[in-house]
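Peer 1: The primary structure of each chain is shown beneath.
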Amino acid sequence: DAKTTQPPSMDCAEGRAANLPCNHSTISGNEYVYWYRQIHSQGPQYIIHGLKNNETNEMASLIITEDRKSSTLILPHATLRDTAVYYCIVLGSSNTGKLIFGQGTTLQVKP
Amino acid sequence: EAGVAQSPRYKIIEKRQSVAFWCNPISGHATLYWYQQILGQGPKLLIQFQNNGVVDDSQLPKDRFSAERLKGVDSTLKIQPAKLEDSAVYLCASSLDVTRPAPLKKETQYFGPGTRLLVL
Numbered sequence: 001d002a003k004t005t006q007p008p009s010m011d012c013a014e015g016r017a018a019n020l021p022c023n024h025s026t027i028s029g030n031e032y033v034y035w036y037r038q039i040h041s042q043g044p045q046y047i048i049h050g051l052k053n054n055e056t057n058e059m060a061s062l063i064i065t066e067d068r069k070s071s072t073l074i075l076p077h078a079t080l081r082d083t084a085v086y087y088c089i090v091l092g093s094s095n096t097g098k099l100i101f102g103q104g105t106t107l108q109v110k111p
Numbered sequence: 112e113a114g115v116a117q118s119p120r121y122k123i124i125e126k127r128q129s130v131a132f133w134c135n136p137i138s139g140h141a142t143l144y145w146y147q148q149i150l151g152q153g154p155k156l157l158i159q160f161q162n163n164g165v166v167d168d169s170q171l172p173k174d175r176f177s178a179e180r181l182k183g184v185d186s187t188l189k190i191q192p193a194k195l196e197d198s199a200v201y202l203c204a205s206s207l208d209v210t211r212p213a214p215l216k217k218e219t220q221y222f223g224p225g226t227r228l229l230v231l
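Protein sequences appear in the order of chains A and B.
Under this note's numbering, the residue at position 110 of the first sequence is numbered 110, and the numbers go up by one with no gaps.
Under this note's numbering, the residue at position 42 of the second sequence is numbered 153, and the numbers go up by one with no gaps.
Calculated directly from the structure, the hints in this document are not laboratory data.
Ideal placement from N, C-alpha and C gives every residue a C-beta, glycine not left out.
Misleading hints may appear alongside valid ones.
[Unchecked claim] Computed list of chain B residues with no C-beta within reach of chain A, every gap over 12 Å:
(1) Gln117
(2) Lys122
(3) Lys126
(4) Gln159
(5) Asp167
(6) Pro172
(7) Val184
(8) Leu195
(9) Ser198
[To be verified] Result set (BS3-like, lysine-lysine): computed pairs, CA atoms no more than 25 Å apart in a straight line:
(10) B:Lys194 <-> B:Lys126
(11) B:Lys122 <-> B:Lys189
(12) B:Lys189 <-> A:Lys98
(13) B:Lys182 <-> A:Lys98
(14) B:Lys182 <-> B:Lys126
(15) A:Lys69 <-> A:Lys52
(16) A:Lys98 <-> B:Lys155
(17) B:Lys155 <-> B:Lys194
(18) A:Lys3 <-> A:Lys110
(19) B:Lys126 <-> A:Lys98
(20) B:Lys126 <-> B:Lys173
(21) A:Lys69 <-> A:Lys98
(22) B:Lys189 <-> B:Lys155
(23) A:Lys3 <-> B:Lys155
(24) A:Lys110 <-> A:Lys52
Using the sequences and the hints given, assemble the complete structure.
Peer 2: Okay, structure coming up:
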């Protein structure tokens, strides 16, 4: 599975959009991009995933570049409850489902 | 829908003692995972079950850690004897069935709240 690179930390003002980048330059054609987040003292929570096309759900949007070497998770209107560590993970179709977590990005939403 | 349940939530033991953690996955989920999360790091997979069979235990320290899922539902993770470096949060997760063919294959994992272990 391809390795990912994320900034260690980011700040965002409450009510503004939070854009969290992820670099996965070695991703191959059958690998998915997954995003999970972990709020303090809780287990990780699934946010969204995608293969090629941009995806949107009730939590966030995922924008994947055309060459698929990077992606951005967008929280359109960040709230204080979105303060968490956000993990970008690449999973191959042959993978057993095992998630390999990096250090993630600590997002601090400020009032 | 009930989530993944884990108990206990907290445990403090002395080194060389044994400890066991319990996990009850979401009903109907065939795949169950145990992760270890050391403070300041992302979770690391210890063992993965598909029903009651082991799919991946390559990162499980088998000299002291053991896990079972006898009836393909609940699971227990045991540490015997514990070391100081085992202090961590132990997370259980489950998913529907990762053996289903793509594009269904990529199943979301649902995590429990974790068990925080402190070894003194």
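Peer 1: Could you run down the list of hints and mark each one as holding or not?
Peer 2: Here's how the hints hold up against the structure:
1. Gln117: violated (8 Å)
2. Lys122: About 15 Å separates Lys122 (chain B) from the closest Cβ of chain A, which puts it past 12 Å; holds.
3. Lys126: The claim holds: Lys126 (chain B) sits with its nearest Cβ about 24 Å from chain A, beyond 12 Å.
4. Gln159: The assertion about Gln159 (chain B) is violated, with a minimum of 6 Å to chain A.
5. Asp167: Per Cβ check, Asp167 (chain B) is inside 12 Å of chain A; nearest 6 Å; violated.
6. Pro172: About 17 Å separates Pro172 (chain B) from the closest Cβ of chain A, which puts it past 12 Å; holds.
7. Val184: holds (18 Å)
8. Leu195: Nearest chain A Cβ is 22 Å from Leu195 (chain B), so the label holds.
9. Ser198: Label holds. Min Cβ-Cβ 16 Å, cutoff 12 Å.
10. B:Lys194 <-> B:Lys126: With a Cα-Cα distance of about 5 Å, the restraint between Lys194 (chain B) and Lys126 (chain B) holds, given a limit of 25 Å.
11. B:Lys122 <-> B:Lys189: It holds: about 13 Å lies between the C-alpha atoms, which stays within 25 Å.
12. B:Lys189 <-> A:Lys98: At roughly 21 Å apart (the allowed maximum being 25 Å), Lys98 (chain A) and Lys189 (chain B) satisfy the hint.
13. B:Lys182 <-> A:Lys98: Within the cut-off at roughly 22 Å; holds.
14. B:Lys182 <-> B:Lys126: Between Lys182 (chain B) and Lys126 (chain B) the Cα gap is close to 31 Å, so the pair fails against 25 Å, i.e. violated.
15. A:Lys69 <-> A:Lys52: With a Cα-Cα distance of about 11 Å, the restraint between Lys69 (chain A) and Lys52 (chain A) holds, given a limit of 25 Å.
16. A:Lys98 <-> B:Lys155: Since the Cα atoms of Lys98 (chain A) and Lys155 (chain B) sit roughly 9 Å apart, the hinted pair holds (cutoff 25 Å).
17. B:Lys155 <-> B:Lys194: Satisfied, since the Cα-Cα distance of roughly 18 Å is no more than 25 Å.
18. A:Lys3 <-> A:Lys110: violated (30 Å)
19. B:Lys126 <-> A:Lys98: violated (30 Å)
20. B:Lys126 <-> B:Lys173: Given pair Lys126 (chain B), Lys173 (chain B) holds - Cα atoms ~17 Å apart, limit 25 Å.
21. A:Lys69 <-> A:Lys98: Holds: Lys69 (chain A) and Lys98 (chain A) sit about 21 Å apart, inside 25 Å.
22. B:Lys189 <-> B:Lys155: holds (16 Å)
23. A:Lys3 <-> B:Lys155: Given that 25 Å is the threshold and the Cα spacing comes to 15 Å, the pair holds.
24. A:Lys110 <-> A:Lys52: violated (32 Å)
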